[in-house]
Amino acid sequence: MSAFANVLIGGVFHAAVLFLVAAGLQLVFGVQKIVNLACGSFYALGAYFGVTCITYATQLGLPPWLIFPGLILAGLVLGFIGPPIERMLRSVYGRDESFQLLLTFALVLMFQDVFRFFWGANPRSLDNAYLVYGAINAGDFGVPVYNLMVIGAAIAIAVALGAFLQRTNFGRILRATAENRSMAEALGVDVRRVYSAVFTLGAALGTTAGALIVPTAAASLDMAIEFVVEAFAVVVIGGLGSMRGALVGALIVGLIRAYAIVLYPELEVLAIYFIVIAILLFRPAGLFGRSPV
Amino acid sequence: MKPHQAAAFAAAGTLGLLLLPLVAPPYYAALMVPFFAYAIALLGFNLLFGYTGLLSFGHAMFLAAGAYGAAVLAGVLGIRSFEAVLLPVVLATMVLAIPIGFVCVRNVGIFFGMLTLAFGMLFYSFLFKFYHVTGGDSGMRVPRMKLIGLELAQYNKIELLSGPFYYYCLALMVLAAALMWRIVHSPFGLHLQAIRDNARKAEYLGVHVHRFRLAAFVISAGFGAAGGVILGFRIGLADPELVYWTHSGQLVFMTVLGGFSNFFGPIVGALVFTLLQDQLQALTQYWRFILGAILALVVIGLPGGIAGVYLALIRPAARGET
Numbered sequence: 001m002s003a004f005a006n007v008l009i010g011g012v013f014h015a016a017v018l019f020l021v022a023a024g025l026q027l028v029f030g031v032q033k034i035v036n037l038a039c040g041s042f043y044a045l046g047a048y049f050g051v052t053c054i055t056y057a058t059q060l061g062l063p064p065w066l067i068f069p070g071l072i073l074a075g076l077v078l079g080f081i082g083p084p085i086e087r088m089l090r091s092v093y094g095r096d097e098s099f100q101l102l103l104t105f106a107l108v109l110m111f112q113d114v115f116r117f118f119w120g121a122n123p124r125s126l127d128n129a130y131l132v133y134g135a136i137n138a139g140d141f142g143v144p145v146y147n148l149m150v151i152g153a154a155i156a157i158a159v160a161l162g163a164f165l166q167r168t169n170f171g172r173i174l175r176a177t178a179e180n181r182s183m184a185e186a187l188g189v190d191v192r193r194v195y196s197a198v199f200t201l202g203a204a205l206g207t208t209a210g211a212l213i214v215p216t217a218a219a220s221l222d223m224a225i226e227f228v229v230e231a232f233a234v235v236v237i238g239g240l241g242s243m244r245g246a247l248v249g250a251l252i253v254g255l256i257r258a259y260a261i262v263l264y265p266e267l268e269v270l271a272i273y274f275i276v277i278a279i280l281l282f283r284p285a286g287l288f289g290r291s292p293v
Numbered sequence: 001m002k003p004h005q006a007a008a009f010a011a012a013g014t015l016g017l018l019l020l021p022l023v024a025p026p027y028y029a030a031l032m033v034p035f036f037a038y039a040i041a042l043l044g045f046n047l048l049f050g051y052t053g054l055l056s057f058g059h060a061m062f063l064a065a066g067a068y069g070a071a072v073l074a075g076v077l078g079i080r081s082f083e084a085v086l087l088p089v090v091l092a093t094m095v096l097a098i099p100i101g102f103v104c105v106r107n108v109g110i111f112f113g114m115l116t117l118a119f120g121m122l123f124y125s126f127l128f129k130f131y132h133v134t135g136g137d138s139g140m141r142v143p144r145m146k147l148i149g150l151e152l153a154q155y156n157k158i159e160l161l162s163g164p165f166y167y168y169c170l171a172l173m174v175l176a177a178a179l180m181w182r183i184v185h186s187p188f189g190l191h192l193q194a195i196r197d198n199a200r201k202a203e204y205l206g207v208h209v210h211r212f213r214l215a216a217f218v219i220s221a222g223f224g225a226a227g228g229v230i231l232g233f234r235i236g237l238a239d240p241e242l243v244y245w246t247h248s249g250q251l252v253f254m255t256v257l258g259g260f261s262n263f264f265g266p267i268v269g270a271l272v273f274t275l276l277q278d279q280l281q282a283l284t285q286y287w288r289f290i291l292g293a294i295l296a297l298v299v300i301g302l303p304g305g306i307a308g309v310y311l312a313l314i315r316p317a318a319r320g321e322t
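Protein sequence lines correspond, in order, to chains A and B.
All the letters of the first sequence, read from the start, carry residue numbers 1 to 293 under my numbering.
All the letters of the second sequence, read from the start, carry residue numbers 1 to 322 under my numbering.
What the hints contain is simulated information worked out from the structure, not anything from laboratory work.
From the three backbone atoms N, C-alpha and C, an ideal C-beta is built for every residue, glycine too.
Each statement offered as a hint is correct.
Among chain A residues calculated to face chain B with C-beta under 7 Å, some are:
1) S91
2) E97
3) E266
Build the full structure now, drawing on both the sequences and the hints.
Below is the structure:
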């Protein structure tokens, strides 16, 4: 029973991180209609930057218990990369999807070497930070408090994002732009500003997710290109452009991965793709998506 | 491009490549072998992308299928003849592509891309995880094989690659290009272009859209496998990196770099990419950044690729003609 609970918490933790990245992907796709292959690079950037920030801050005397807010702050600060990248993507709006995919693929290639340049080829990790907040133990069931905090943060962000999109004025403008760009423009919405804001928000979600995982996993060059595929699986399962879909998709992928590792490790990743293919076959729009045609 | 211009271009290119090993150092001749492999694979890829309008982001799986097929036939079963390996592997990959294509061609645009990506990664994780069958991340060895029944034991590997195997692959590429030229200029090829330009209208005119897309998918898989067999022979190894999604992205990169709306675009793209990557790797460890920047510039500024620029330069009046 306790092993079951351990795996469950592990899966939900993974799902929480996946949700943040997938939410960024969904937001950008929903409004700008661009599938951003570079979302994994934002995630890796957040992780590397988080390691650097916390390492310096600790040397300058940051008390260990401030690591968690420090990492969130580091992730949010990185949102500043959003506007210049959005400026670059502006040239492919409304053009063929293949060009949009390729431009973000170019970003992936460039980011790989940016990481290599600033942080080297070896993985970077944050030592001794994992158990700063202690762990909850009950028999052979044990879970670091940090993991629970990340899950809590993801839930809080999900709620805040939902409230922002549904209840605030800017959220309504954003949804209107997603619905019909030219109509929103005709009604006086500054679409450029909306796009810039959305992309920044999407990037910040990715970098925050990356920053939050560094106490539990090292930042490495592979994580950028590995994570994209999982985030893609999440949005395909949930349905492109749907926030609720991102949440459910992340839970499905996170839990399947966690249980597959325990039950039958060979199937860890295979199981996810089987589900992706099944979803695309029987519900091409995903669980919560609208029909693509 | 008109047929006589295409023939002139093809003849000039072939002649240049025939003479290359006589003037260039063996290193560069051997470097051309992956170029031939990619050129063959991209001819198939562009049947799908440029002519049918389907962007596959998992096409590397067919190259990997070719390389692993060669490893199984030559390495495990001991068939040491290149032709006897190439043909069955291409056919087997085409058979494998039928169910995958059957599923994928029902979707277009971004969904087709994602579905092919998912199949590619499915294949990757199969190769990676079932190491007792596939060798896991260390891959499977592809041994040396006879070419047209000749042992060629007097050549070492680099001499083989820059000498006999170079001409062998060049011949294969010319053959593949001629075959593809026939395909895209046949009624079948016109059907595909009609589907690309307006699938609904094509269907209304009586074209079986799914069936034609599937045929294009299967043919392109065969070309991909042929390229994969050559790649596997050249590296001497079939490893799972061949099917990783970034490798698929690289295939798209080459095609767009050369220009997907021109028949020869993918071949030019493969050549330029191979040379560029080689030079950049020698120059700096940050070659990916430069390649990414080039890709971004091509996508933003030169969507017609190199072929588009070339055609616009020689015939400003005929811009946009394919």
